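**Student:** Since the structure of chain A is already known, use the hints to place chain B on it.
Read top to bottom, the protein sequences are chains A and B. Sequence positions in the first sequence follow full-length UniProt numbering and run 1 to 193. Sequence positions in the second sequence follow full-length UniProt numbering and run 1 to 193.
Keep in mind that the hints were calculated from the coordinates and are not lab data. There may be inaccurate statements among the hints.
Claimed, not checked - Sample of chain A residues with no beta-carbon within 10 Å of chain B, all distances over it, derived:
1. R35
2. D51
3. A63
4. T66
5. V76
6. A84
7. T88
8. A145
9. A156
10. E175
Claimed, not checked - Ranges of calculated distance between the beta carbons of each label pair, as one might list FRET restraints:
11. A174(A) to D124(B): 23 to 31 Å
12. A142(A) to R70(B): 32 to 40 Å
13. V68(B) to G37(A): 46 to 54 Å
14. V68(B) to Y45(A): 45 to 53 Å
15. S141(A) to L166(B): 17 to 25 Å
16. G26(A) to E17(B): 41 to 49 Å
17. A94(B) to F167(A): 38 to 46 Å
18. D51(A) to E175(B): 30 to 38 Å
As the list claims (entries may be wrong) - Pulled from the structure, derived: some chain A residues nowhere near chain B, Cβ distances all over 12 Å:
19. T5
20. T7
21. D30
A quick note: this is a predicted structure, and the numbers were derived from the prediction, not measured. We put the beta carbon where it would ideally sit given N, CA and C, even for glycine.
Protein chains: 2
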Amino acid sequence: MVRMTGTKRAILDAALEIAAERGISGTTMDDVAERAGVAKGSLYYNFASKDKLFEGLLGEGMAALTEVLREARTGVEGWSAIEALVTTLLGSIARNTALAKIIAGDIFRTDRAWREASFTFRHDALAEFEVAITEALPEASAVGASALMASSVFGATLMAGLEWLLFDEERPQAEVVAAVLCTFSGRLVPATH
Amino acid sequence: MVRMTGTKRAILDAALEIAAERGISGTTMDDVAERAGVAKGSLYYNFASKDKLFEGLLGEGMAALTEVLREARTGVEGWSAIEALVTTLLGSIARNTALAKIIAGDIFRTDRAWREASFTFRHDALAEFEVAITEALPEASAVGASALMASSVFGATLMAGLEWLLFDEERPQAEVVAAVLCTFSGRLVPATH
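In isolation and in its complexed conformation, chain A is listed as follows (with noise of 0.2 Å):
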């Protein structure tokens, strides 16, 4: 984690804060600077524009994330290693339920200044599911399959998390985690499937 000043942390937060509730393009610098406490000078002294700004934002939350999913998988391998990123993805989405909505929301943006540093975070993150499924499944990788079921997976525990979370709250959450577990368990299929 990089280290930052109180000023810092404080325009950081209030971004976070603005855009989970009107996305990226609803907030504006003002807004950002008038939430933090902070004068416009200070604000585009320490980010020099809006599309720097959300590359701070995003590019710090998915690494931290990254870091996460790469520790929850070390020392665990295939199917518990996909248990372990589910678990864990989930945990930090209810521990950051504003930032996983502007990456949802903002994941798939084309017209981003910063879409070349989203792919590379989007990737890095990605990349810890595929080398579970890899494990699991060596025919996946051997199709060329693994990143676009690294996606799925991903995107199930990310829309099921946010489902929990905004409309659905009271559930436990290993609840949730046996939810989108169960949907990978094959437990769909019919058995002379």
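**Tutor:** Relative to chain A, chain B alone:
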């Protein structure tokens, strides 16, 4: 499908195009009028506000999606219905990637005037998946997990589909369908599990 005037259609198409590039928050009524080639008076005559405009756009898109999903699962059951739904959803995303990006981006926004409407649209589309999941695995419904599993399957398909269309578009659609379905096939779980 609602019958509509050429002007209304031009406005909705312009709004869709711009929002796919910049998100809903980044789209202004001025932009829409300009892109559609209509006077602002005419724009506001058709849609009283930006919220009404996007409520119309997302409502139309999600109603059409729900209809094709319902057709896809009609007459088939359980896992076959899930296969049909995943295949159909990927086809819909491929045919209307712009709308899929907006849906992915705004499905969890909480500041929208049309949050209620958006909830209904999402709920209707997810309900088609929930019916199939309940048929395939009645216990999921019994423990209240079928709605989360529906979100999970929908989110997996949406994310893998957008990944495909935005970053890997040369890949044949059948391979994407196969990769997403493989995620749910149980092949990730060791046989001894």
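**Student:** With reference to the structure, classify each hint as holding or not holding.
**Tutor:** Evaluated hints:
{"no.": "1", "hint": "R35", "verdict": "holds, 14 Å"}
{"no.": "2", "hint": "D51", "verdict": "holds, 12 Å"}
{"no.": "3", "hint": "A63", "verdict": "holds, 20 Å"}
{"no.": "4", "hint": "T66", "verdict": "holds, 17 Å"}
{"no.": "5", "hint": "V76", "verdict": "holds, 13 Å"}
{"no.": "6", "hint": "A84", "verdict": "holds, 13 Å"}
{"no.": "7", "hint": "T88", "verdict": "holds, 16 Å"}
{"no.": "8", "hint": "A145", "verdict": "violated, 4 Å"}
{"no.": "9", "hint": "A156", "verdict": "violated, 4 Å"}
{"no.": "10", "hint": "E175", "verdict": "violated, 7 Å"}
{"no.": "11", "hint": "A174(A) to D124(B): 23 to 31 Å", "verdict": "holds, 29 Å"}
{"no.": "12", "hint": "A142(A) to R70(B): 32 to 40 Å", "verdict": "holds, 37 Å"}
{"no.": "13", "hint": "V68(B) to G37(A): 46 to 54 Å", "verdict": "holds, 50 Å"}
{"no.": "14", "hint": "V68(B) to Y45(A): 45 to 53 Å", "verdict": "holds, 52 Å"}
{"no.": "15", "hint": "S141(A) to L166(B): 17 to 25 Å", "verdict": "holds, 22 Å"}
{"no.": "16", "hint": "G26(A) to E17(B): 41 to 49 Å", "verdict": "violated, 19 Å"}
{"no.": "17", "hint": "A94(B) to F167(A): 38 to 46 Å", "verdict": "violated, 28 Å"}
{"no.": "18", "hint": "D51(A) to E175(B): 30 to 38 Å", "verdict": "holds, 35 Å"}
{"no.": "19", "hint": "T5", "verdict": "holds, 29 Å"}
{"no.": "20", "hint": "T7", "verdict": "holds, 26 Å"}
{"no.": "21", "hint": "D30", "verdict": "holds, 15 Å"}
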